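Student: Note that the protein sequences, when read in sequence, are chains A and B. Residue 111 in this note's numbering sits at position 111 of the first sequence; the count goes up by one each step and never skips. Residue 12 in this note's numbering sits at position 12 of the second sequence; the count goes up by one each step and never skips.
Calculated directly from the structure, the hints in this document are not laboratory data. Quick caveat, the model's predicted, so the values are computed rather than measured. One or more hints might be untrue.
Said to hold, decoys possible - Here are some of the chain A residues that sit facing chain B, going by a computed Cβ distance under 8 angstroms: (1) Ala44; (2) Pro45; (3) Val56; (4) Leu67; (5) Pro80; (6) Gly122; (7) Leu136; (8) Pro154; (9) Leu180; (10) Gly206; (11) Leu210; (12) Ala274; (13) Gly280; (14) Pro283; (15) Val284; (16) Leu289.
All residues carry an ideal CB built from backbone N, CA and C; glycine is no exception.
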Amino acid sequence: MTSTLSTRPAPAPPVLARPAVGPPVRTRPVLRTGARRRRPRLLAPVVVVLGVVLAVVPLLYLFSVSLMGRNELVAGVLVPSDLRWSNWGDAVVGTTLTQAVLNSVLAAVGGALLSLALALPGAWALSRRGTGGRTLLATVMSPWLLPPIVAVVPLLTLLRILGLTNSLLGLTLVYGLVNLPVAVWLLQAFLHRIPGEIDEAAQLDGAGPLRVLTSIVLPLAGPSLVAVGLIVTLLGYSEFLLASFLTQDAASQTLPVHLSLLLGERVAEYGKIAAAAMVGILPVLVIALTLQRRLVEGLTAGAVK
Amino acid sequence: MATDLATGPAAGPAVSGPVPAGQRVPRPRRRAQTWQHRLMVSPLILTVLVLGAYPLVFIVGASLTESTLGNPFQEWAGLASAREVVASSDVTDALARGAGYAVGVAALSTVLGVVLALALSGLRRGGGLARGLLLLPLMTPPVVVAIVWRLVFNPAGGLLATLLGAVGYEGQAVAVLSSPGLALLGVAIADTWQWTPLVMLLVYAGLLGLDREVLEAAALDGAHGLRLVRHVVLPSVAGVVLAAFFVRLVLAFKVYDLVAVMTAGGPGQSTTVPSYLIHQAALQQFDLDRAAVITLLLAVVVTVVTVPVALLTRKVER
Numbered sequence: 001m002t003s004t005l006s007t008r009p010a011p012a013p014p015v016l017a018r019p020a021v022g023p024p025v026r027t028r029p030v031l032r033t034g035a036r037r038r039r040p041r042l043l044a045p046v047v048v049v050l051g052v053v054l055a056v057v058p059l060l061y062l063f064s065v066s067l068m069g070r071n072e073l074v075a076g077v078l079v080p081s082d083l084r085w086s087n088w089g090d091a092v093v094g095t096t097l098t099q100a101v102l103n104s105v106l107a108a109v110g111g112a113l114l115s116l117a118l119a120l121p122g123a124w125a126l127s128r129r130g131t132g133g134r135t136l137l138a139t140v141m142s143p144w145l146l147p148p149i150v151a152v153v154p155l156l157t158l159l160r161i162l163g164l165t166n167s168l169l170g171l172t173l174v175y176g177l178v179n180l181p182v183a184v185w186l187l188q189a190f191l192h193r194i195p196g197e198i199d200e201a202a203q204l205d206g207a208g209p210l211r212v213l214t215s216i217v218l219p220l221a222g223p224s225l226v227a228v229g230l231i232v233t234l235l236g237y238s239e240f241l242l243a244s245f246l247t248q249d250a251a252s253q254t255l256p257v258h259l260s261l262l263l264g265e266r267v268a269e270y271g272k273i274a275a276a277a278m279v280g281i282l283p284v285l286v287i288a289l290t291l292q293r294r295l296v297e298g299l300t301a302g303a304v305k
Numbered sequence: 001m002a003t004d005l006a007t008g009p010a011a012g013p014a015v016s017g018p019v020p021a022g023q024r025v026p027r028p029r030r031r032a033q034t035w036q037h038r039l040m041v042s043p044l045i046l047t048v049l050v051l052g053a054y055p056l057v058f059i060v061g062a063s064l065t066e067s068t069l070g071n072p073f074q075e076w077a078g079l080a081s082a083r084e085v086v087a088s089s090d091v092t093d094a095l096a097r098g099a100g101y102a103v104g105v106a107a108l109s110t111v112l113g114v115v116l117a118l119a120l121s122g123l124r125r126g127g128g129l130a131r132g133l134l135l136l137p138l139m140t141p142p143v144v145v146a147i148v149w150r151l152v153f154n155p156a157g158g159l160l161a162t163l164l165g166a167v168g169y170e171g172q173a174v175a176v177l178s179s180p181g182l183a184l185l186g187v188a189i190a191d192t193w194q195w196t197p198l199v200m201l202l203v204y205a206g207l208l209g210l211d212r213e214v215l216e217a218a219a220l221d222g223a224h225g226l227r228l229v230r231h232v233v234l235p236s237v238a239g240v241v242l243a244a245f246f247v248r249l250v251l252a253f254k255v256y257d258l259v260a261v262m263t264a265g266g267p268g269q270s271t272t273v274p275s276y277l278i279h280q281a282a283l284q285q286f287d288l289d290r291a292a293v294i295t296l297l298l299a300v301v302v303t304v305v306t307v308p309v310a311l312l313t314r315k316v317e318r
């Protein structure tokens with residue numbers, strides 16, 4: 001098809017020949033097709049630029065507020081003339097912010113590693129053997145469909161019995177479990193793409209399922225583990241509801257809990273709060289921009305055949 | 001919870017992917033292999049028990065007994081609290097509000113996400129950078145999203161007030177989050193800002209997977225621009241769009257962080273979504289049996305709203 005197109009001259013504009021039906025016909029293809037015309041297409045770039053502006057401006061405003069004094073904020077200044085980096089100092093020095101960020105990172109990364117370790121064998125078994133098959137996959141996903149508040153009180157009670165409330169370990173275990181369905185869902189979509197012949201061959205050579213998993217599937221699944229791991233890490237890092245119940249003392253507070261408490265203070269200092277929020281999201285923004293490709297792979301794993 | 005079981009696989013089109021290769025190997029399996037497989041699947045069973053079955057039993061138990069947060073399951077109360085809760089207009093209002101909010105926010109995010117995905121796929125260059133920037137809201141933790149939008153909506157010098165002033169608006173400052181009519185809209189805007197990029201990304205991935213030959217043939221037949229989009233492109237990604245809408249709907253029902261940080265359910269009850277109401281009942285009033293009944297009702301509402309979408313998604317994908 002493509003070769004035919006390239007040998008053929010650009011087709012005459014069929015627009016002229018067609019009787020006018022409906023609204024005036026646009027000649028600009030919104031999608032790029034082989035039969036595209038060399039005309040400036042403005043709609044797509046304009047929409048994208050508009051979207052980028054809407055996505056980025058609120059975050060830039062947060063950054064801007066983090067450098068403002070109270071007077072400037074109230075006066076409706078958008079870009080402060082005098083940059084008050086002292087807000088950032090106030091947010092970090094003498095507070096538990098860095099501890100909170102560290103706690104969030106530990107719970108998120110620990111939880112993600114746990115999710116991956118438990119999800120990989122399960123996802124592989126589901127994608128290859130049909131062990132329990134689709135019914136099991138659907139069953140595993142079902143807790144994800146309901147709002148997490150549903151499980152909060154039962155989980156809180158369970159952790160209290162186990163003596164794991166107000167501990168980072170408890171939170172890490174909960175994250176590992178709560179994000180497991182998402183990890184299984186995304187991983188099995190990846191694992192379907194590994195040709196079955198590879199592990200069948202290994203089995204014919206006498207490797208048992210666990211051996212196939214560790215020697216064949218694990219190396220092949222490396223990139224997808226990174227992609228899925230990134231997503232469950234971000235989910236853990238951002239999680240607020242469970243953290244606000246499970247970690248209430250300062251030593252185990254996570255970043256979202258810390259930020260919500262700053263807002264609850266009698267006099268909310270917006271400059272300082274914005275600075276704390278900036279400190280908290282910097283790691284995420286760096287990851288988002290540098291590992292974008294992996295993230296996109298992971299996020300779209302379940303959506304594309 | 002159990003009612004949702006059947007809807008799981010419809011959530012994403014991936015299920016209709018290749019059939020597991022293992023199914024065409026009728027080789028007799030050794031017992032050790034079977035056990036190893038069961039071992040591999042066991043964490044999944046554990047998850048279902050801890051996150052699905054156990055909370056379900058706990059909540060049904062709590063709804064039928066006198067229960068407080070510190071001291072659940074005191075004595076049998078039967079349907080007393082259920083009757084009380086169903087009769088309470090706070091609860092029915094919150095459930096209706098939550099369902100309306102979820103459908104509205106999901107629809108808005110889906111429309112915007114599809115438009116952005118189409119625009120992104122029509123770019124000749126700069127797509128990578130634009131995609132990276134468009135993903136930033138998705139990466140931002142919800143509590144930070146809530147802070148950002150509180151600052152934007154701040155009537156005393158916030159971004160919105162300043163921009164309105166710049167275009168000549170001189171009336172009273174618009175206090176979005178403290179006016180009963182606008183607060184939920186403010187939360188919805190923040191929610192849409194955060195999750196539209198996910199819809200965009202899913203649909204964009206679907207667009208990249210389209211058969212170019214079909215598009216080219218349609219273009220040769222004279223379908224261009226919006227006609228091409230409406231008659232050829234959108235029908236071919238309808239399954240992906242519906243699946244994205246489904247995911248978005250599920251996520252919109254989960255909204256809690258934004259409400260907790262932006263409005264705390266107020267002013268009045270105007271932003272009290274079911275998740276927040278359950279939180280209030282269980283953890284502020286320690287009234288666990290009331291919270292449990294609301295939770296069960298919420299599960300029913302979520303199921304009733306999402307199952308048709310899941311079924312439709314499955315049908316379109318076939």
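Student: Go through the hint on Ala274(A) and say holds or violated, using the shortest Cβ distance to chain B against 8 angstroms.
Tutor: 7 angstroms, holds
Student: Next item in the hint list is Gly206(A). Is there a CB on chain B closer than 8 angstroms to its CB?
Tutor: Because about 11 angstroms separates Gly206(A) from the closest Cβ in chain B, which is outside the 8 angstroms limit, the hint is violated.
Student: Per the CB criterion, is Leu289(A) less than 8 angstroms away from chain B?
Tutor: This interface hint holds because 5 angstroms falls under the 8 angstroms limit.
Student: Is the shortest C-beta separation between Gly122(A) and chain B less than 8 angstroms?
Tutor: Hint on Gly122(A): holds, closest Cβ of chain B at ~4 angstroms, below 8 angstroms.
Student: Answer holds if the nearest beta-carbon of chain B is closer than 8 angstroms to that of Val284(A); otherwise answer violated.
Tutor: 5 angstroms, holds
Student: Min Cβ distance, Leu210(A) to chain B: is it shorter than 8 angstroms?
Tutor: 5 angstroms, holds
Student: Hey, does the Pro154(A) contact hint survive, CB to chain B under 8 angstroms?
Tutor: The hint holds - Pro154(A) has a Cβ within 8 angstroms of chain B, the shortest such distance being about 4 angstroms.
Student: Do the numbers back the hint for Pro45(A), that is, is its least Cβ distance to chain B under 8 angstroms?
Tutor: It holds, given that the least Cβ distance between Pro45(A) and chain B is near 6 angstroms, below 8 angstroms.
Student: Could you check if Gly280(A) really has its C-beta closer than 8 angstroms to a C-beta on chain B?
Tutor: 6 angstroms, holds
Student: Against chain B, with CB atoms and a cut of 8 angstroms, does the hint on Pro283(A) hold up?
Tutor: 10 angstroms, violated
Student: Holds or violated: is the Cβ of Leu136(A) closer than 8 angstroms to a Cβ in chain B?
Tutor: With a minimum Cβ separation of about 6 angstroms from chain B (threshold 8 angstroms), the hint on Leu136(A) holds.
Student: Once the shortest beta carbon distance from Pro80(A) to chain B is found, is it less than 8 angstroms?
Tutor: Violated. Min distance 12 angstroms.
Hints 4, 5, 10 and 14, counting from the list given before, are not met by this structure.
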